[in-house]
Amino acid sequence: MLGNITFGQYFPGDTPVHKLDPRTKIILTIIVIAATFTAADFWAYSLLTAFFVFVTALGRLSFVRLLRSVKPLWPIILITFFVHVFSGQGETLFRLFIFKITGAGLTQGILMSLRLVFLILFSSLMTMTTSPLELTDGLERLLRPFRRIGLPAHELAMMMTIALRFIPTLLQETERIMMAQSARGADFKSGGLTRKARNILTLIVPLFLSAFRRADELATAMEARCYHGGEGRTRMHELALAKSDALAALIVVFLAAVLAFIKWCG
Amino acid sequence: MPLSLENVSYVYMKGTPYERRAVDNVSLEIQKGEFVALIGHSGSGKSTLAQHMAGLLPPLAGQVKIDGTDPCAKGKEALTARRKAGLVFQYPEHQLFAETVFDDVAFGPRNLGLAEEEVRERAATALDFAQMPIEEFGARSPFQLSGGQMRKAAIAGVIAMRPDYLILDEPTAGFDPLARGLFYEELKNLHKKSGMAVIMITHSMEEAIELARRLLVMSGGRIIIDGQPERIFREQRGELLAAGVTAPAIVSLTDRLRAHGFSINADCLDADDLVAELLAVLPGKGPGDAR
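Protein chains in written order, with my numbering: chain A, 1 to 266; chain B, 1 to 291.
In short, the hints are calculated from the structure, not lab data.
Some hints could be false.
Heads up, simulated DMTMM-like pairs for lysine to aspartate or glutamate below, C-alpha to C-alpha not over 25 Å straight-line [said to hold, decoys possible]:
#1 A:Lys-189 x B:Glu-185
#2 A:Lys-196 x B:Asp-267
#3 B:Lys-74 x A:Asp-21
#4 B:Lys-76 x A:Glu-231
#5 A:Lys-189 x B:Glu-99
#6 A:Lys-196 x B:Glu-19
#7 B:Lys-32 x B:Glu-277
#8 A:Lys-71 x B:Glu-19
Covered stretches of chain A (chain B as the covering partner; in silico rule of three or more C-beta atoms under 8 Å from a C-beta of chain B) [what the hints assert, rightly or not]:
#9 177-189
#10 206-214
The beta carbon of each residue, even a glycine, is placed where N, CA and C say it ideally should be.
Just chain A, same shape as in the assembly (with noise of 0.2 Å):
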């Protein structure tokens, strides 16, 4: 039922891409997506898709999981695309009802879809390739330098790691629970809306209260373990970057570089 949620899911894996440090994969990652922002014609899209295909290609994942995870948001692009569409300016291409269709608008729709899919795409990637741990460990890291100004970078990513842990834990519980009381003769499928309601209440007080004695039993074991927060903490592993991260640096720079000549000198 909920089992299938592809986005966002770490696959483990032994190639370079994986291997990268996570902090030069969150920085590049926002270095691609603003990339992606710029990209304006079919050469941009050639040479984007194409990284794509590259990267893909060298962390050993599947494009059709890859394709899968822009799944749930495609309303979203769909969204965008018909308001591209209606509002684009310039020659009517040919009427829809009251709707006219222009050339250029057309272009815009697909353009700024594009884009969307792209923005999911490479952060599919990123987070396919890196462990929710690594994730949480090289924001850490990268956050570290605005502790100056109060911001509680430690608290914030151990809040993060905990939330992303419990994610598949919650989804496992609400699968139960749902099963529990479908044994009963709730159904979450049809019935009128009053008669919904009610069996959504069946779910969500035993959820709410697996979650509060989760929060509480992690609690006692933190405190039971002495944590005390990120003051004075040391770590197992030490992030250290190598020589591949300049490489992947330089190879995302040079990308950055000319999708910016393309769009302002092309």
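Please build the complex by placing chain B on the supplied structure of chain A, with the hints as guidance.
Same frame as chain A, but now just chain B:
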């Protein structure tokens, strides 16, 4: 008509690196009125199989039929079939949700569309099973009960559905021996009175033989043994060992007595039987004579 599974298989997270086979080509048939114990160590696929039997999880391959109807299909008939099987999950107390014990137990019967009178009658009977009289417990909040009472109230919620096939997934996990004994007595009575089939999942052979007349032993997603306990202990020790399940203490005791020359029946599964057998061969003085 029975509850039947035909070549049922299930794989979790199919097509990902986390793929895990839970149920592997299982076929079996359970008749109304049977008391079956499903045994196996953790991860052998017992709970997944239970969800298939209750029609809650459609198998990836194979067929589940409850009284001849596929419970995983769509439509009214499948719904009726699904309602014939009641599954009590592990730690069912985690599914309580209502404001009062009565409302929680009545949730199932109300979903069946019964009249309020009938709902009340069923809830009262089910709570009797849990030894929690409705007059005393009905209006209480389920969240103020003790752990054991919460469990029993939750189980009553399934029993109030009056399923033809009651499936219990380790219903006594975490109970103390006294509570466990009481629960089994009630379960035995319920089975005798109602004529429903009871399928109990457990990993303790002692519990299994105390109640069930048929054992299903599961290992690696397969049912490797299916039969009467006495016959299994006589003929299939090797398979039992391979499944990581040990014969109950009373069987080892009987074995050792027989090895020492006591000519007693090997099929004792009950302390009283064993005592009777021993008394029959001992001429009243002591074991010395028998040697």
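Report task. Taking the numbered hints from earlier one at a time, note which ones the structure violates and give those numbers from smallest to largest. Result -> The structure breaks hints 1, 2, 3, 4, 6, 7; every other hint is satisfied.
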